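Same order as they appear, the protein sequences are chains A and B.
Just so we're aligned, residue 1 is where the first sequence starts under the working numbering, counting upward by one.
Just so we're aligned, residue 1 is where the second sequence starts under the working numbering, counting upward by one.
Keep in mind that the hints are not guaranteed to be accurate.
Pairs count within a copy or across copies, as identical chains cannot be separated in the list.
[Claimed, not checked] 30 Å max Cα-Cα, derived DSS-like pairs, lysine-lysine:
(1) K141 with K74
(2) K133 with K3
(3) K3 with K155
(4) K35 with K3
(5) K140 with K65
(6) K3 with K140
(7) K70 with K140
(8) K32 with K19
(9) K133 with K35
(10) K133 with K74
(11) K23 with K70
If you're looking for bench data, these hints aren't it; they were derived computationally from the structure.
These numbers were taken from a predicted model, which means no experiment stands behind them.
So the chains spell out like this:
There are 2 protein chains.
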Amino acid sequence: MNKCEILYWTIGIIHSEHKEEDKTPVQPVYAKGCKGSVELFPEFVEGLRDLNEFSHIYLIYHFHKVQQVKLVVKPFLQDVYHGIFATRAPFRPNPIGLSVVELLGIEGNILHLDGVDILDGTPLLDIKPYTAKFDLHDVKKNGWQDDVDEQTAHKRGKRGYRS
Amino acid sequence: MNKCEILYWTIGIIHSEHKEEDKTPVQPVYAKGCKGSVELFPEFVEGLRDLNEFSHIYLIYHFHKVQQVKLVVKPFLQDVYHGIFATRAPFRPNPIGLSVVELLGIEGNILHLDGVDILDGTPLLDIKPYTAKFDLHDVKKNGWQDDVDEQTAHKRGKRGYRS
Numbered sequence: 001m002n003k004c005e006i007l008y009w010t011i012g013i014i015h016s017e018h019k020e021e022d023k024t025p026v027q028p029v030y031a032k033g034c035k036g037s038v039e040l041f042p043e044f045v046e047g048l049r050d051l052n053e054f055s056h057i058y059l060i061y062h063f064h065k066v067q068q069v070k071l072v073v074k075p076f077l078q079d080v081y082h083g084i085f086a087t088r089a090p091f092r093p094n095p096i097g098l099s100v101v102e103l104l105g106i107e108g109n110i111l112h113l114d115g116v117d118i119l120d121g122t123p124l125l126d127i128k129p130y131t132a133k134f135d136l137h138d139v140k141k142n143g144w145q146d147d148v149d150e151q152t153a154h155k156r157g158k159r160g161y162r163s
Numbered sequence: 001m002n003k004c005e006i007l008y009w010t011i012g013i014i015h016s017e018h019k020e021e022d023k024t025p026v027q028p029v030y031a032k033g034c035k036g037s038v039e040l041f042p043e044f045v046e047g048l049r050d051l052n053e054f055s056h057i058y059l060i061y062h063f064h065k066v067q068q069v070k071l072v073v074k075p076f077l078q079d080v081y082h083g084i085f086a087t088r089a090p091f092r093p094n095p096i097g098l099s100v101v102e103l104l105g106i107e108g109n110i111l112h113l114d115g116v117d118i119l120d121g122t123p124l125l126d127i128k129p130y131t132a133k134f135d136l137h138d139v140k141k142n143g144w145q146d147d148v149d150e151q152t153a154h155k156r157g158k159r160g161y162r163s
C-alpha cells in the first residue's frame with residue numbers, strides 16, 4: 001500500500017478560554033479548572049445518547065493553526081529534541097490532537113467540559129468514551145517524561161494559564 | 001464555522017494476525033498476546049527518535065473497511081443501543097480508530113507491538129506516546145460499561161480470537 005489520502009469532515013467546534021496558541025496548556029492535566037465546551041453540529045446529536053453517563057471522554061481534533069511538519073521537536077516540557085511521535089506536540093505529519101477531558105454534562109448538542117487544553121475554535125473530528133475497561137494501562141516506561149519532575153511539568157505545561 | 005473538509009495522508013500500515021473484520025478483537029485489552037507491527041513509511045522514520053523508551057503507545061488509524069455511518073449502535077459488549085459517541089464502534093461520522101498498544105521494540109521503520117486489536121492492512125494516521133503523566137485518569141463513571149461484567153466483556157471482546 002502506498003501513501004493515500006483520507007478525507008474527514010468536522011463534526012463540531014471546541015470552545016475554550018484559550019485564545020492564544022502559546023498560552024494554551026499543553027495537556028488536560030495542566031488545564032484543570034479550564035472550562036470549555038463542544039458544540040456538536042446538530043445532525044450528529046443522536047450519536048450522544050448515553051454519553052452523559054461517562055465521566056471522561058476523548059476528543060480527537062484537528063490542530064488547525066499548525067502550518068508545518070517537524071519530525072524532530074523540543075516538547076514543551078523539556079529542552080531536548082525528540083522524534084515527533086515520541087511527543088504530543090502539534091507539528092505532526094497529520095496534525096491530529098487527542099485530549100482526555102472531564103465531561104460535566106450535556107445539553108442538546110452542547111457538551112460542557114473541564115480540563116480543556118484546546119485552542120478556542122478548534123475543529124472536532126470525533127468523540128469517544130474514556131473507560132476504565134479500555135484505557136487504564138500499566139505503564140512501565142514513560143521515556144523522556146520520566147526525567148521531567150512534576151513541578152517542572154506543571155509549570156511548563158500550563159504555559160501562562162493562571163501561572 | 002460550518003462543516004469543512006480535513007485532509008490527511010496515511011503515514012504507514014498496521015500489520016496484524018487479524019484478517020477478518022468480524023473476528024478481530026474489539027480492544028487491545030481483549031487482544032493480549034496478539035502480535036502485530038506498524039510499518040511506518042520510511043520518510044517519517046526520524047519522527048520515531050526516543051519512542052522506544054515508552055512501554056505503550058496510541059495508534060490513531062482509519063477504519064478503512066467501514067462503509068456506513070450509524071449514529072446509534074449496539075456495541076460488541078452489550079445488546080443495547082447507544083449513541084455512536086458513547087461507544088468505540090467503527091461506524092462513526094469520521095471512522096477514526098484509537099488503540100493503546102504495547103510497544104515491544106523498534107527496528108528501523110518497523111514497530112513491534114503486542115495487544116493489537118486492529119485489522120491487517122489498516123492505514124495509520126498517527127502515533128503518540130501513552131504516558132502516566134497525561135493518560136491515567138480517575139474514572140468515576142463508565143456509563144453502560146459499568147453494567148458489563150468482566151467475564152462477558154472478555155468473551156465478547158475477543159470475537160473468535162483464541163476463544
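**Asked** Can you give the numbers of the hints that this structure goes against, from lowest to highest?
**Response** 2, 3, 5, 6
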